[in-house]
Structure formats: structure tokens, C-alpha cells
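Protein sequences appear in the order of chains V and G.
Quick note on UniProt numbering: the first sequence kicks off at 1 and runs consecutively.
Quick note on UniProt numbering: the second sequence kicks off at 1 and runs consecutively.
Some clues are possibly wrong.
Each pair may be met inside one copy or between any two copies, as identical chains are not told apart.
As the list claims (entries may be wrong) - With a Cα cut of at most 25 Å, we get these calculated DSS-like pairs of lysine-lysine:
id, residue 1, residue 2
1, Lys372, Lys73
2, Lys31, Lys73
3, Lys335, Lys250
4, Lys31, Lys439
5, Lys372, Lys31
6, Lys31, Lys250
7, Lys250, Lys73
8, Lys372, Lys250
9, Lys250, Lys439
Calculated from the structure, these hints are not laboratory results.
Keep in mind it's a predicted model, so treat the numbers as computed, not measured.
In case you want the letters, here they are:
There are 2 protein chains.
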Amino acid sequence: MADTKLDEDLAPFPPIEDEESDQLDEENRLKPEFIDAVRESLEEGDEGRTYDLVEPLHPADIADLFELLEPDKRGMLATAITDLMSGEVISELNDYVRDHMIEALPAAAVASIAEQLDTDDAVQLIEDLDPTDQRAILDELDPEDRAAIESALSYPEETAGRLMQRELIAVPEHLTVGDLIDYMREQDDLPTDFWEVFIVDHRHRPIGTCQLSWILRCPRYIPLTDVMQRDQTLIPVMMDQEEVALRFQKYALISAAVVDENGRLLGQLTVDDIVHIISEEAGEDALLMSGAGDGDINEPIRDAYFSRVRWLIANLGTALMASFIISAFDAAIAKLVALAVLMPIVASIGGNAGTQTMAVSVRALAMNQLTKSNTRRILWREIRVAMLNGATVGTLIGLATAVVFTPMLGVVIATAAIINTITAGLAGVAVPVIFDRLKQDPAVASSVFVTMITDCMGFFAFLGLAVACGLTG
Amino acid sequence: MADTKLDEDLAPFPPIEDEESDQLDEENRLKPEFIDAVRESLEEGDEGRTYDLVEPLHPADIADLFELLEPDKRGMLATAITDLMSGEVISELNDYVRDHMIEALPAAAVASIAEQLDTDDAVQLIEDLDPTDQRAILDELDPEDRAAIESALSYPEETAGRLMQRELIAVPEHLTVGDLIDYMREQDDLPTDFWEVFIVDHRHRPIGTCQLSWILRCPRYIPLTDVMQRDQTLIPVMMDQEEVALRFQKYALISAAVVDENGRLLGQLTVDDIVHIISEEAGEDALLMSGAGDGDINEPIRDAYFSRVRWLIANLGTALMASFIISAFDAAIAKLVALAVLMPIVASIGGNAGTQTMAVSVRALAMNQLTKSNTRRILWREIRVAMLNGATVGTLIGLATAVVFTPMLGVVIATAAIINTITAGLAGVAVPVIFDRLKQDPAVASSVFVTMITDCMGFFAFLGLAVACGLTG
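So that you can see chain V by itself, here it is in the shape it has in the complex (with noise of 0.2 Å):
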């Protein structure tokens, strides 16, 4: 009997090969051909069919396909699977392509997903409204949620106040394992998902922290100020996220409390909510030295324009300063064609060399790692490395110059080459520590400074080198 159940329970199991096999590819992205099928049953007007193919997705898999159609089916999708659009699918939604598909829906409809979601889910949602949609939206909440979203709205965005969830368990420090489990038996209201419960005082001030897995294992009589620790990593509730997520992952975090100046509990936040920014701020890095903004291949054109073009426009600036250095030579380079055409390679040497140190400080930085504790130790490891470059491809540039030119002009161009890769080292530290020192994010600006030291370098020592070694004379 036992085992005639146990074989129908496997029944509806797969086996894990063939898991997925419908939708999603052997790297879990939904296939071409289930795209296809969804706009096809889209373009069709047929929603019964489309709502029979999302209906085996999972909520983050909902999320992605919204991002893969193009914006004008976003909106006959949603129509076609109202009841599929769970709190969970917007939450997981790109900002870009939710805040575009919220504009779209009546503030009821809008009202009634948010109140499925925990307070900063609902923030999420609303939060990048112009402020009439948002106060027609808050109006259709039951007062209680209403409340918590406007408490979280009132903190600045990117901080734990707007990030964090109102929902935990905080019990009083006098409780007993086994109070503490009849109390959680005895609440409807309990969190969604939790993983530690609070231990706090009687002015609500955390005092010990007690994990669910140490509750789990012990007898009911054990005092909780037994069981839990004392330690914990508290959040102040205007800690920017970024600071957050540096917290979580050097502390292996899977939630912390969140209080205020008073060190009084208001919220908690979890991993699972900070793994997303965790992931957007180590990957933000190489968009922002790249100068290209946000990079979300879901923002609007116009804003990746204005975005990008500040960049392209300061590059623009740093290249004119380096015309201005080559035409200081204009002279010497008609004299010798040759310097037109070797110069460009000197600086390119050199803005590479530059753009890999300064992503390896840009790194170090982001991650606490380069501190003023070692900038010296590591400004000379940079520069031991540079070295090392410079000689090889410095050496490698200059043979090949004085065998299809002259030897002199190979001696100039390996010089130049190595120089500007020692400057490339020093820049490469220097310039994003500095930014670092004075508040600015390193990632943002240390592009245009790096590329313009080297590039003006580039030209000026080989060009400079060529004419005081008499090649032009």
C-alpha cells in the first residue's frame, strides 16, 4: 500500500532530462520556438491559447518572457494571462519593462497585485510612478498597506528603508523555544518566507537574533536567550544598498535587521532581495566605465542617447586635446610620414594597459579590498607589472619598426611604448583612487581621465622622442 503511493507520487515527477524540454533551452532561456508560438497565439487574438502555453511557467520565467516580446505584445499578453501575473512575475520583472506595463493598467488593477506583495515588492512596483498615478494607486489599498508603502516611500531610494520588508517575527527575550514556536503556530499573519526571528527588548530593540534551524533542533523548554546570538550585523535604515549588498556578502548574510537611529527594529531584509542588487552592482562596473549609463537593453532609446552621448561628447574633448599635441608636431610628421602612421599604436598601447589596471582598481575598490591601508603596496605592484608589459610589447613594436623603417625609429617607438605603459600603471591606480577619495564612484569618470593620460602621452613622447633624436632634422 505504502509503495502503490509512493509510485504515484513519482508519477507526475520527470526525470530530471527531460525537465524543462518544452519551454526552456539547456541553458534555462526560453526557446526561440516558444517565443514564436506565444506571438503567433498573440497575433492571432487567441488568448486561450496563450494562456495554455504560459501556464507551465514559472513566475521568473513569466518575467523573462515579457522581456523577450516586443513592447507592443507586452500589453495583450498581460491581458491574456490577468490571473498568471502574480506578485512574484512583477517583482522579477526588468524595471524598465514593468514601470512601461504598469503605466498601462488601471490604478485597481495595479492596487490589487500590489496588495498580494510584501511591502517592498509593493514599493518596487510603484515607486518610479509620476506622483498622481501613485496616490490613485495607494487610494485603492486597505489602510494598513497603504501605511507601510507610504512609510517605505518616505526614505530615499536606494537605501534599506526602501528595500527593506515591515513583515518579521520579533518576540520578547523572556519567551521559551517552545513559546516561541506555539506563538508562530497561533499567527495567521505570518511573513511569506523568514529565516530568523528577532529577539528584541522591551523598546523593540534587537538584542539577539536566533536562526529558525537552532529553534528546529532544540527542546521546547531551552530559553531563546540561550539559543540565540548576540552579535548581529545591524542595518541602518538609511544605509545605501550598495553598502548593503558589500554587507551581506562579506558576512554571508541570509537576512539582518534593519534599524533606526535609535537602534530601534523596523524591518528586515533578505538575501533573496539583495542578491539582485548584489549582481547589479558588481556587474554595473563595466557599464559604467564604458560610459554607457544603465546599459538595460529594455531602456527607452531616448535615454541610452542622453545616457551614452555625455561620454561620447567628454571622449570627444580628451581626443581634440591629443590633436591639439600631434599638430604641435605637424611639422615634423610632413617631414616624416612614417610618425602619422606608427603614432596611433603608441597610444592605443597605452589605453589598453591603462583601461586593465584601472578595471583591476575599479574592482578593488568596489570591493573594499584597496584601502588607503595598501594603495601604496599595490601602486607599485601595478607598476612592476607595467614594467614587465612595456618592455615585452615595447621590445616587439621596436624590432618591427627598425626592420620596415629605420632602427633609430624603432629605438623611438619602443621607448615611447614603454613609458606610456608606466603611465598607463600609475594612471590606471592613481585616477580611480583619487575619484575614490573624494566621494565619486570610481567606475563613472576614471574612463576619460585614464584614456586622455595616455593617449596625450602616447603621442607627446613618441613624437617628442622622434624629433629630439634628430629623425625629423
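Add chain G to chain V, keeping to what the hints say.
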């Protein structure tokens, strides 16, 4: 009475503003003065003072302290604080710093550290050692730990099998909530931290999962099969860590079961271990795109040199190609030196625009947002952004050139800038997408190719147009 007790408990709990003031600055980094004090006490050989200084630190901060100290001081510190060298310190250490230190410790000392760790951390401790050292340490371990570590080492690096911990709770499906709680209270060797319980069938295949919070809120008589969730994300044991990190992020997982090819439960992965991978994988793109390899400031200089010089040489090759194109126009340049002065500007604009688009594409590919289903749409989007950028920057440089040189040269440089910006937009999407289709990491090699394309096109379009328009005639 209760109040008195409360106050006593509160006394040692510091107000939040003063917290961490002795060792950590406001950004949670170790203060330079603190590092100096430790450095000084190490130089004086005062092990007692060193111990007293380090003792209040969190293990993650002790790990940071090792990384910030000079390599020759790290051994001295380890000797001074032996009993603070917990598994947590070791697992938080940077790979290079850890390997360097572990190699210096005797096998028995390493074994005694390994024994306190979960399998996954113990594996991390010894996986990079050479086979003889690894063998010596394994021989010191008790047979059970040794078997677990050897089994983990049998999976390739960076797979789920290497990363997973074997310690987990798996129970048969016929238990009730009460049975499970009793079972956990009786067990002595439960894992240190766990967040969910796996329900397995008689072949040890996971059929459901149960968060601890669900267990705690249910009455004892409820069967586990009524509480558990059947749908779960199972991680195949050979899955690559990058893929694992994406699943954790996409489905907001706290832990997940790792299964073999027959679907049998082998171990679990928890988000606190995956968070480091998520951050690493997201952050490495900036390093890879710049050709900075691992880009770790703790990497030995020799390794940093070899990983970077390869890319500098590859870039030298592309710079030489650009030089060939210039040399084809040397007669034109000799006649009109202004061309040499201006040509780097066109290449630079294209290079920047290409890097921006490439950074966006690489990030979108890494996040599985750019797939076959939307490549054409994104390509078209980027071309439109490029046309706007090209028109803006082209107009600016065209006007400036027209004023300083001649109107015709202004038209030529503006046209060349627009052509190169659009080329950059195309290449910035196409190159990473092609590498991705060829199953190569688009972050690694795209940069060299995109720069080559924009450099060559920049010089060719500008010099070619100048000649075609008769400016050098």
C-alpha cells in the same frame, strides 16, 4: 525584577553610532590606524598585543586584515592568532592569499582547520594545492571527512559537485511535522546552518522541499507531504557554477538540492556560498573585457603579467592593422598634415561607441536577456542609438573642423564619424553575439575585435573620404 534584568542585558549592547568605531571606518573597512597598530605589534614581535588587537574582529574582518597586510607579515599574524584562525576566516580569505598561507602551514595544522569546516569550505581550502600537499593533508583527516572531500574533488572545478555541501536534512515522505521536529531534536550532527528540509522517496530522489518557516507554523499532526512544495529547482551535479549562480538569482533561491543523473539527492547548495559566485561572475566582465584576466590585486605579479601581456600583444596586432590602413594613405597625409592631426579623433569616437554597445551586449548575454528571440530587435535598437550618437558627435567635430580647417574637411570628418559610430553599434552587438553562439565567453575576446573594426573603419572612412573628395589632390 524583569526590568532590572532587561537593563543588565542592555548594558553591554552598544548604541548603534559607536558600534565598530575602534577597528572599522564608516564604510565598514578596517581603519588604516588599526592596520598600522597591528603591523607595529607584529614588527615588535608582541604576539600578546597582536592577539588582543585582532580578537574583537569578526572572522570576515580578520580575513580582510590578512589581505591588507604585506605578504611577509601574514605568516607572523597567523602564528600570533592561531586559535582565532577559524574555518570562517579561511573561507573568507582571497584565493591567492589563502593558497599562499596554506602552503606555508604544516599538513597537520591544515587538517585540523579542514575538520571544522563544512565539506564545501574544506574543499576550497585544499583544492588548489599540489597533489602531494593535498595527499598529506587528506591523510591527516578522519576517514569520513576524507571520503567526503575526495568525493567532492572528483567533480571538476567550478561545478555544483565541487561547491555543494553534503550536510543536509533529507527525510522520507511519510513523516508528519511533529516527527520531523522530534527527529531534528534527536540528531547531534545536523549541519551548522540549513534553511530547508528535503523530502525524498525510497530511492533518495527529492520529491519536495520544505522551508523551515513552513514547518514552524504548522501543527505537529500535519503530514509533510501537505506542507512541502513539489516544484523545486534541482541542480544537476555537473552544472557549471555560473549557471548555478544564474538559477539562484533568477528563482530567488535560498538553498537547492544537488542531484546526480538519476535524480538522487547528493548534497545542497546554499545562497551564502553562491553570493560570492554571483558577485564574481558579474564583476569579472569588466576585467575580462579590458583583458585584465582574473584582475585580482592579490594575484602574483608573474601571473598578472602573463594574463595581461597576451591581450596587449593581441591589441598590438590590431593597432598594426590600423597602421597598414594609414600607410596606404601616406602620400595624402604628406600633402595635408591636418589629416594626421584629426584621424585619431574618428577612431576614438568609434572605439568609445563600440565599447559602450559591447558592454551592454555582454551584460545582457550574461544575464540571459539577449537571446535568439530578440537579437534582431536589440541590433536595430543599437543602430538607432548609434545614429543619434553619430549625428550629435559628428556635427560637433564637423563644425569645429570647419572653423579651424576647411568646411569640406568638416563635412568629411562628420561623415566619417557617423559611419564609424554606426559601424561601432553593429560590431558592439554582433561580435559578442557571435562569440556567444560559438559557445565562447563574449566578455573575453570581443574587445580586441570591436576595437580592430572601429579603428580600421575610422582611419579608412576618414582618409578615404578625404582623398575621394579631392582634399589632397
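Could you tell me which of the numbered hints above are not met by this structure, giving the numbers in increasing order?
-> Of the numbered hints, just 3 does not hold.
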